[in-house]
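For the record, the sequence lines run as chains A and B.
First residue of the first sequence? That's 1 in the working numbering, and the numbers climb one at a time after it.
First residue of the second sequence? That's 1 in the working numbering, and the numbers climb one at a time after it.
Warning: the hint list may mix true and false statements.
One copy or two, it doesn't matter: identical chains are merged, so the pair holds either way.
[Claimed, not checked] Pairs of lysine to aspartate or glutamate residues, derived as EDC-like cross-links and limited to a Cα-Cα distance of at most 20 Å, are as follows:
| hint | residue 1 | residue 2 |
| --- | --- | --- |
| 1 | Lys106 | Asp79 |
| 2 | Lys53 | Glu365 |
| 3 | Lys346 | Asp49 |
| 4 | Lys106 | Glu316 |
| 5 | Lys128 | Glu306 |
| 6 | Lys346 | Glu334 |
| 7 | Lys310 | Glu249 |
| 8 | Lys245 | Glu332 |
| 9 | Lys346 | Asp274 |
| 10 | Lys245 | Glu347 |
Calculated from the structure, these hints are not laboratory results.
Number of protein chains: 2
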Amino acid sequence: MESHQGMTIEEYQRRLALGQSQLADWWQACRTQIAIREAHIQAWEYLSDETPKLDLAMADHASLKGVPVGLKDLIETRDMPTSWGTGGYLSSAGSLVDAPLVTLLKRQGAVILGKTVTTELAYFQPSKTRNPHDLSRTPGGSSSGSAAAVAAGMVPLAFGTQTVGSIIRPASYCGVFGYKPTFGTVSFAGIKPFAPSMDTLGWFANNVDDICTTFSALTRSARIESRHDLLGVRVGICSLPTDAKLTAEVQQAVSQAQALMERRGASVAPLRLDAAFDALIEHQQAVLAYEAAQSLAGEYRQHAYEMGAKLVELLEQGMGLPYHRYVTAKRETERLRWLLSEVFVKEVDVILAASAPGAAPEGLESTGDPLFCRAWTLLGVPCLNLPLSHNERGLPVGVQFIGDRFRDDSLLSIARTLMAPRY
Amino acid sequence: MESHQGMTIEEYQRRLALGQSQLADWWQACRTQIAIREAHIQAWEYLSDETPKLDLAMADHASLKGVPVGLKDLIETRDMPTSWGTGGYLSSAGSLVDAPLVTLLKRQGAVILGKTVTTELAYFQPSKTRNPHDLSRTPGGSSSGSAAAVAAGMVPLAFGTQTVGSIIRPASYCGVFGYKPTFGTVSFAGIKPFAPSMDTLGWFANNVDDICTTFSALTRSARIESRHDLLGVRVGICSLPTDAKLTAEVQQAVSQAQALMERRGASVAPLRLDAAFDALIEHQQAVLAYEAAQSLAGEYRQHAYEMGAKLVELLEQGMGLPYHRYVTAKRETERLRWLLSEVFVKEVDVILAASAPGAAPEGLESTGDPLFCRAWTLLGVPCLNLPLSHNERGLPVGVQFIGDRFRDDSLLSIARTLMAPRY
Numbered sequence: 001m002e003s004h005q006g007m008t009i010e011e012y013q014r015r016l017a018l019g020q021s022q023l024a025d026w027w028q029a030c031r032t033q034i035a036i037r038e039a040h041i042q043a044w045e046y047l048s049d050e051t052p053k054l055d056l057a058m059a060d061h062a063s064l065k066g067v068p069v070g071l072k073d074l075i076e077t078r079d080m081p082t083s084w085g086t087g088g089y090l091s092s093a094g095s096l097v098d099a100p101l102v103t104l105l106k107r108q109g110a111v112i113l114g115k116t117v118t119t120e121l122a123y124f125q126p127s128k129t130r131n132p133h134d135l136s137r138t139p140g141g142s143s144s145g146s147a148a149a150v151a152a153g154m155v156p157l158a159f160g161t162q163t164v165g166s167i168i169r170p171a172s173y174c175g176v177f178g179y180k181p182t183f184g185t186v187s188f189a190g191i192k193p194f195a196p197s198m199d200t201l202g203w204f205a206n207n208v209d210d211i212c213t214t215f216s217a218l219t220r221s222a223r224i225e226s227r228h229d230l231l232g233v234r235v236g237i238c239s240l241p242t243d244a245k246l247t248a249e250v251q252q253a254v255s256q257a258q259a260l261m262e263r264r265g266a267s268v269a270p271l272r273l274d275a276a277f278d279a280l281i282e283h284q285q286a287v288l289a290y291e292a293a294q295s296l297a298g299e300y301r302q303h304a305y306e307m308g309a310k311l312v313e314l315l316e317q318g319m320g321l322p323y324h325r326y327v328t329a330k331r332e333t334e335r336l337r338w339l340l341s342e343v344f345v346k347e348v349d350v351i352l353a354a355s356a357p358g359a360a361p362e363g364l365e366s367t368g369d370p371l372f373c374r375a376w377t378l379l380g381v382p383c384l385n386l387p388l389s390h391n392e393r394g395l396p397v398g399v400q401f402i403g404d405r406f407r408d409d410s411l412l413s414i415a416r417t418l419m420a421p422r423y
Numbered sequence: 001m002e003s004h005q006g007m008t009i010e011e012y013q014r015r016l017a018l019g020q021s022q023l024a025d026w027w028q029a030c031r032t033q034i035a036i037r038e039a040h041i042q043a044w045e046y047l048s049d050e051t052p053k054l055d056l057a058m059a060d061h062a063s064l065k066g067v068p069v070g071l072k073d074l075i076e077t078r079d080m081p082t083s084w085g086t087g088g089y090l091s092s093a094g095s096l097v098d099a100p101l102v103t104l105l106k107r108q109g110a111v112i113l114g115k116t117v118t119t120e121l122a123y124f125q126p127s128k129t130r131n132p133h134d135l136s137r138t139p140g141g142s143s144s145g146s147a148a149a150v151a152a153g154m155v156p157l158a159f160g161t162q163t164v165g166s167i168i169r170p171a172s173y174c175g176v177f178g179y180k181p182t183f184g185t186v187s188f189a190g191i192k193p194f195a196p197s198m199d200t201l202g203w204f205a206n207n208v209d210d211i212c213t214t215f216s217a218l219t220r221s222a223r224i225e226s227r228h229d230l231l232g233v234r235v236g237i238c239s240l241p242t243d244a245k246l247t248a249e250v251q252q253a254v255s256q257a258q259a260l261m262e263r264r265g266a267s268v269a270p271l272r273l274d275a276a277f278d279a280l281i282e283h284q285q286a287v288l289a290y291e292a293a294q295s296l297a298g299e300y301r302q303h304a305y306e307m308g309a310k311l312v313e314l315l316e317q318g319m320g321l322p323y324h325r326y327v328t329a330k331r332e333t334e335r336l337r338w339l340l341s342e343v344f345v346k347e348v349d350v351i352l353a354a355s356a357p358g359a360a361p362e363g364l365e366s367t368g369d370p371l372f373c374r375a376w377t378l379l380g381v382p383c384l385n386l387p388l389s390h391n392e393r394g395l396p397v398g399v400q401f402i403g404d405r406f407r408d409d410s411l412l413s414i415a416r417t418l419m420a421p422r423y
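Next comes chain A alone, as it looks inside the complex:
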């Protein structure tokens, strides 16, 4: 059996159609990789022992046939346990129904390998997972296990959630592609809400093709085609907060991305956003605290004494926050969403921004700082981490591409064009 490293989902589907691969091949390759690396990485909360029952005929129109996937341990399943990263104070042996994502994946022929490690209830309490590029470093969070499992080649596709920076940051730290689609693209049903006006389901992969294939499969929409080049594509460089000083390694990653885009014909220039956008960082904090205190009111009432200190602090902050502060944040967010949509019409096609303040920090006590994701998540825009650079220690440093809401196809097409081999 040959290696599946570097194979895309589309290639595997072609091999299956031609009889060059079997439905269980990729699953078997993943199990082997897990057997080798899991003891060190600890990306999995639960691994299914079952050999997948796959039927090539049944899933005839499916586009993820035989593709092994990992699910963040926040996504409910009928036949696998969920513990929401709580270490057991909340746990379910199996839910009444699969989450919609799981149903969609099964319908497309994917194979659920198991549940990947999440931080406690998807907040900041670090998990056991280690960064595959340096075991002494955090993989980022909260979708720690999903990012690390993809980076370690244990699975080609894993799902996570982002409410603050829980996909883009770990993708950047682990050197993989991570995609947070437009808010509301994939149902969040069957996933414990944290801050419902920001909670977004997304996914990790080792190449942009698989990010695109997954988007099309989950929205049952057309294949994302790459363009011939990026001529005419307007790129604006702008991190939020706009006054953020980028570290040298992040500045270098942004410059490398800029150069790459320019080589493909894009016009890249700094983008100046209204100063009001900087206030989104604080508004995000208010919305997060207020909504989390509501969403997790029952968990707090029953389990506060078992919860991590940072989560308790956030929930209590939220409980004390006046309703009018929340309303102010919501109204201002909507105004700026509207304003940003106009920027996308008039000024840029893609925004190029920092994914994180730097490479994965040392230690496992923290999952790193989600600062550069806060505002974009609140705005609900699609964000894609591209692992284009490494710092001088060889650690990955990502950048993010940000697009207009519900124009995911445009954003992904640009990214796919950028990453396509030149001919």
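We have chain A already, so just place chain B on it with the hints.
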């Protein structure tokens, strides 16, 4: 023990503070009323037998002390079963945690009486509940039991959800106040989603004061004060779709509301909305079908053969709907939300509209037509049904007041002023 009919929550809190009532009094009165009327009305899916354990001292800052409430059987509880109106193909003896609403209510000292009947998964398959004003008629749906229980004096406060017209319509049919706050006001966690961009938690009461008290309690915000009069308040009369011909009984209800508002000093005039607003009815149908097909993907996969025909039809319609149709609906909705906000700034303070096409229709085979709620629910605006009129058979015919998003306090203050006894 005296009757509690007509007592407001605030009056009861005053009586408790003065020692004129006991904490279990209202609960006892409700149990008596349920014993008398439940056999005919059938508003309850589950009734708790437990005598409430209440502690006056413990809930010292609470504003719903001893207030009995009913919860739509879609709202999860730790210590009571939930069956989502499925008749058993989905059922839970008790969830891991209470839904946030339940936690908030308990924190405020409320007493959960039980679960009220919902239509199947909150869609159109009628329930067993009958209209307290005429047992041969529907109470409306999907929050059938909550509306009927409040109308029948079984409970002063009951909670429901609205995704299409599931609060305003049954409130109109049952002759009670029904409130759907701004989308996102109270957490929907612990409630099965149907169409997450519209699912809204709301409540029913017999007077506007209790609607206001509950809003303040759930948002922990200031008491909604009534004004001296409605001088300077601009009221726009406008139902959606704008070209809807109102039946004589609904026209009469709107005219009576207009006259009442004018007597209090308001300026009432027809409001002309952009013709694009009429398309919201179709957009709502697209968003509903698309999101429901996602949200209930697992339920469909496991239980389609047990589901009502209308629900299956909706889900299959949603599964066939192209993603770009959904995106078109979402984008146009956002544009019109923004446009409507400007209308609220420049032209009106409140919109006065029909709640339903008429009084409760005869028979239990249908829960009536939610047409007049579709667009407003999609727009996310707060809507209040006021039971101001009766038709010539003596059946209630409501009207709705509609306000600007996140300006619930203004809308409720106007309604409270209108309903206040003149002095």
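Should Lys346 paired with Asp49 be assigned to within, between, both, or neither, using CA atoms and 20 Å as the limit? neither (53 Å within a copy, 63 Å between copies)
Is it within, between, both, or neither for Lys346 and Glu334, if the alpha carbons may be no more than 20 Å apart? Answer is both: 19 Å inside a copy and 18 Å across each meet the 20 Å cutoff.
Is the C-alpha distance from Lys53 to Glu365 at most 20 Å within one copy, between copies, in both cases, or in neither? neither (40 Å within a copy, 43 Å between copies)
I want to check one pair: Lys106 and Glu316. Are their C-alpha atoms no more than 20 Å apart within a copy, between two copies, both, or neither? Between copies only: 17 Å across chains, 39 Å inside a chain, cut-off 20 Å.
Between the shortest in-copy and the shortest cross-copy C-alpha distance, which are at most 20 Å for Lys128 and Glu306: within, between, both, or neither? within (17 Å within a copy, 43 Å between copies)
Status of Glu347 relative to Lys245 across identical chains (alpha carbons, at most 20 Å): Neither. Shortest intra-copy (23 Å) and inter-copy (45 Å) distances fail the 20 Å Cα cut-off.
Is the C-alpha distance from Lys106 to Asp79 at most 20 Å within one copy, between copies, in both cases, or in neither? within (13 Å within a copy, 33 Å between copies)
Can you give me the call for Lys310 and Glu249, within, between, both or neither, at a CA distance of at most 20 Å? neither (29 Å within a copy, 57 Å between copies)
Could you place Lys346 and Asp274 in one of the four classes (within, between, both, neither) given a Cα distance threshold of 20 Å? within (14 Å within a copy, 25 Å between copies)
If the cutoff is 20 Å on CA atoms, where do Lys245 and Glu332 land: within, between, both or neither? Let me know, please. Cα proximity of Lys245 and Glu332: none, with 25 Å in one copy and 37 Å across.
This entry does not satisfy hints 2, 3, 7, 8 and 10, going by the numbered hints stated previously.
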